[in-house]
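Colleague: First to last, the sequence lines map onto chains C and B. Those letters in the first sequence? Residues 0 to 466, by numbering that gives the first Met the number 0. Those letters in the second sequence? Residues 0 to 644, by numbering that gives the first Met the number 0.
Don't take each hint at face value.
Label-pair distances were calculated between CB atoms; the ranges are [said to hold, decoys possible]:
no., chain 1, residue 1, chain 2, residue 2, range
1, C, 452, B, 29, 39 to 45 Å
2, C, 77, B, 639, 22 to 28 Å
3, C, 196, B, 198, 40 to 46 Å
4, B, 497, C, 135, 49 to 55 Å
5, B, 296, C, 414, 47 to 53 Å
6, C, 414, B, 313, 30 to 36 Å
7, B, 573, C, 424, 24 to 30 Å
8, B, 512, C, 110, 35 to 41 Å
Calculated cross-link-like contacts (lysine to any residue; reagent style SDA-like; alpha-carbon spacing at most 20 Å) [to be verified]:
no., chain 1, residue 1, chain 2, residue 2
9, B, 316, C, 191
10, B, 316, C, 176
11, B, 386, B, 113
12, B, 446, C, 451
These are computed hints drawn from the structure, not numbers from a lab. Remember, it's a predicted structure, so these values are computed and weren't measured experimentally. Just so you know, even glycine gets a beta-carbon here, dropped at the ideal spot from N, CA and C.
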Amino acid sequence: MTTDSGSADGDDTIAALATPAGTAALALIRVSGGRSRVMAAALFRGDPAALPERRYRHADYRALGGEVLDDAVWSFGVGPGTFTGEDTLEICTHGNPLIVQLVLADLFARGCRAAEPGEFTRRAFLNGRMELTQAEAVMDIIHARSERALVAAQQQLRGGLGRHLEELIAALLGVLARIEAYIDFPDEDLPVEDRELVRTALADVLRGTERLLATHRYGDLLRDGLKAVLLGAPNVGKSSLLNALVGRDRAIVSPEPGTTRDFIEEMVHVGPHLLRLIDTAGMNPAAGRVEQMGMAKTVERLSEADLILWVTDVTQASADVPVELRPYLGADIVLHVRNKADLAAGVSGGMDGGGFSPALPIFTVSALNGTGLGDLRAAIIARADALRPAMAGDEHIAINARHADALRRARESLASAAAGLGAAIPAPIELVASDVRGALDALGEVAGRVDNERMLDALFSTFCIGK
Amino acid sequence: MSSDLPVYDVIVCGAGHAGCEAALAASRMGARTLLLTGNLDTVAQMSCNPAIGGQAKGQIVREIDALGGEMAINTDLTGIQFRLLNESKGPAVQSPRAQCDKKAYQFRLKHTLELQPNLKLFQATVTGLMFSKGPSGVRQIVGVHTNLDLDFHGRTVVVTTGTFLRGLMHICQNKNEGGRMGDFSAKTLSASFLEAGIELQRLKTGTPPRLSGRSIDFSQMEAQRGDAVPTLFAFHDTRDPEPMFHVEQGLTGREQRLGWDPGTEQVPCWLTHTTERTAQLVRENLHLSAMYSGEIEGVGPRYCPSIEDKFVRFADKPRHILYLEPEGRATNEYYINGLSTSLPFAVQVEMVRSIPGLERAELLRPAYAVEYDFAPPTQLLASLESKLVENLFFAGQINGTSGYEEAACQGLVAGVNAVRKGRGESALIIGRDEGYTGVLIDDLVTKGTREPYRMFTSRAEHRLLFNHASSELRLAHHARDFGLVSKSRLERIEAKRARIEGWIARLEASRPTVGSGVGQGTWADRLRRDQGRSGENGLGGVELPEEFLALGDADRAEVLYRVVYAGYLERERRHVARLQDVDKVRVPADFDFDAVKGLRSESLAKLKAARPLSLGQAGRISGVNPADISILLVHLAARRRTGQG
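Looking at chain C on its own, in the form it has when it is part of the complex (with noise of 0.2 Å):
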């Protein structure tokens, strides 16, 4: 029997993330299915042919726009000696939630879809990669996994996603039923059919649709990583502290301007985290009188921070902050810095910790030479483990790769519909409906199956239906 692989359509290609979400330093990405070989070649541009075999290979991972999403490390297997044995591409990638995300996304654009919760051991079981009497462990995981994602999922759909998704399913549901009458029902004594009406309605939808995936794309946490601040006199070595920090953990957006030429900004990895450190080279907190407009930039950094590395020179005895920006300096989020450990062999204490109480813990650092370096990741990546719940908060609609790329093929069959509907001489109306189907059936993978029932449902309690 064909369907003993799974796959009879040896194309469908699955792609899900294989390590625990969220945690890890490194994520493991794994892509099952016959275009994984074409799709690793593509990637990592080599010759389908010849693709190196189980072979652990370092290359950028471009998305299909060009950019870069991250350094990878990538391998090949060919089927049938891999675990699900079927070609299997994994791809290593810093465990960034925000960089799974993108490089699911594009894996999806290539045309792989989202694993369904166990799926690649369902494979390797129907492959004849596991033994028989493993078949409860397969049904056990997969129940396991659908388990927690029903749960997770419904803990998202309690919130936000799941009240904007119903809105956004019930609108649709009310788009269709009005095209389905006048195709079910066209002898039916119905109004005047009002495709303005419908446009209307389908924009409002798309609309909507954008501003949910607006959420996942640009969603704070997830673009900009934790806004960590280095604050600092000059000389104190912020630079070279933030090029150590990044020489470790290599950035992974080339150095973008900041807002302003009063501040450098730049990515960096600490741990599984995404840090935006962002250097504010204005500040002369030694002068004691600062500049008005700096002031009131740094002030706006530092208000917006998860994070302040507050950076003195150990060399100096006192470390001042400017009196306008000590409220901005709770404990919570301050990390005392004291850099050029190096040049200070023989000072030792004696420093004043700023009069901050209670007082805030303070690392000893050498940029230029690393000392200290790894204590103070080791607080950064506590920090922020401690950080990112009270960041996903309740009106924060947290959306996953999987849900984004249902939204995604949700907006592409309503923009089509918009523009069917929209054109000077309209497409013909079915064509319409099939891409508002589309978009349900979409929005139906995140919320569950939309019955057609429903959408009759709509159509007789609109219309008076019946000669």
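Fit chain B to the given chain C structure using the hints.
Modeller: Below, chain B without anything else, positioned relative to chain C:
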């Protein structure tokens, strides 16, 4: 005396639209077939409006023709008005519809039955079923009892009871037993089903009054005429000559027996509407309506509400449109479409006379509602055979459907499968991606229905593939595999397919060399750019090759459709291909769902209730999620490996 009678391969009970197709399909496959009907004068009767086709139904009728059935040709040869609906909405949802001469329709079909080799017609009412224990211990049907105390023995039985199973007609408080005014009720048969453990429920439907034409003032109404060029239902370009009526071959000759050319001399329908007075009459008498006074327990269809329903549910709508449909050429009787009711007769008369043009109308027959038993179709296999009684097949309204076309396509499938079952051969199962017939049967056996089920194009997720003109090409492999059409017709179908595909390839590959299209890509590119938006039948002003324009209309339209919709059709096919993976995985009939670890309890309950026979079917049950399907897939694979499956 029963032992003297021969054993039939197939016994069909009921000669309505389902029964006639079942009997013809079975006998045409060479099976010894008996068709029993309570009244031979009402064979293939249109109990409600005298029309065939319309949305989705028109496509079904064309599918019936593709599968060697009779409804299409019978409609073409007895139609008195033809219209193609939805011309502006795209080729896939265009549907042919015809008004038929009600009596001519019956006579021609009855004559067809009479001339059909292997088929015996007999007038008797089936009163009970005869069962025996089969070799596997499962109850089997072996024959039927009739009201004449004659028993008939058959290997298989197809039951098509329509509205006759404990049929009860209502006009206000007035009740009459019967499935149709003037006819009987099959009262005792229900007991046989219950005895076999088959569950029965009640449904309700209704029909409007009939009027005398000479009492109607048509000058106050708007005429609705047929299309100048009728869209016919049968595939006349590939069909074999009709042995019965071979004088009118190809529709260029004469239908001598009827006295007119099919599609010519069409007669109009007439439009009028209810008035404020009609609404007032309904409101004042609502308490007398059988449907509103609690007299009727059956569930009626939402899409075919009574006039009471319309005024109650849509109180803000001041008036409702009504169509007067002629019942035939040789009668002056009119059907008033849109005025179903179970109000008392006196109110009906007043109501009719409140309508413009009907001020002095005379009612020939009252409107009434009818309640009847149906057997929830989730008790059936996809072959339409009962899961509870072997060799017993169901088709038509007993399965909870409504409509002549819905009944007919089921009848055809049930007839074919009864023969196949008797021969120990695999069943004809039409996919959801192959046609409306497939969608209809899958919906019934998978989800069941709470109201009389009518087909809508919107029920078919792949309807873009279901343009009416492609029915024959879509279903030809079934017609061939099951021997439903002649070899010569199959050859013509394949030649047509080759012509169409050849032209698609040519239009995709070659470019215009003269005229406005030069330099704009291939012919196909040009056509798609216009996306059928030119309003010129998809030609889009593109100057197509002379040779192409010389093709037959049907071929040309199909080529253009497939070229212009290529992207959409490809998307549908990809979608279908993915779904087929799970559709191919069969679930054994005796499968023990309780033995599967890890199914969610909600899914388990639903799976046990529906007893799906393929994973695809299981996945379409609402509340069963992909993870459950995944688990079943693994379980079934493990079963197969251990040799249990």
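Colleague: Now tell me if each hint is right for this structure.
Modeller: How the hints compare with the structure:
The hinted window of 39 to 45 Å between residue 452/C and residue 29/B holds, with their beta carbons roughly 41 Å apart. The hinted range of 22 to 28 Å is satisfied by residue 77/C and residue 639/B, whose Cβ atoms lie roughly 26 Å apart. Checked against the hint of 40 to 46 Å, the C-beta distance between residue 196/C and residue 198/B comes to roughly 44 Å, which is consistent with it. Under the hint 49 to 55 Å, the C-beta atoms of residue 497/B and residue 135/C, about 52 Å apart, fit the expected range.
Against the hinted window of 47 to 53 Å, the Cβ-Cβ separation of residue 296/B and residue 414/C comes to about 49 Å, which satisfies the hint. Checked against the hint of 30 to 36 Å, the C-beta distance between residue 414/C and residue 313/B comes to roughly 35 Å, which is consistent with it. Roughly 28 Å separates the CB atoms of residue 573/B and residue 424/C, a value that falls within the hinted 24 to 30 Å. Residue 512/B and residue 110/C have their C-beta atoms about 37 Å apart, which keeps the hinted 35 to 41 Å range intact.
Note on residue 316/B and residue 191/C: the hinted pairing holds, with a Cα-Cα distance of about 14 Å set against a maximum of 20 Å. At roughly 19 Å between alpha-carbon atoms, residue 316/B and residue 176/C fall within 20 Å of each other, so this suggested pair holds. Under the criterion of a C-alpha separation no larger than 20 Å, the hint pairing residue 386/B with residue 113/B is inconsistent with the structure, at around 33 Å. The suggested pairing of residue 446/B with residue 451/C holds, with an alpha-carbon distance near 12 Å, which does not exceed 20 Å.
Of the numbered hints stated above, the single one contradicted by the structure is hint 11.
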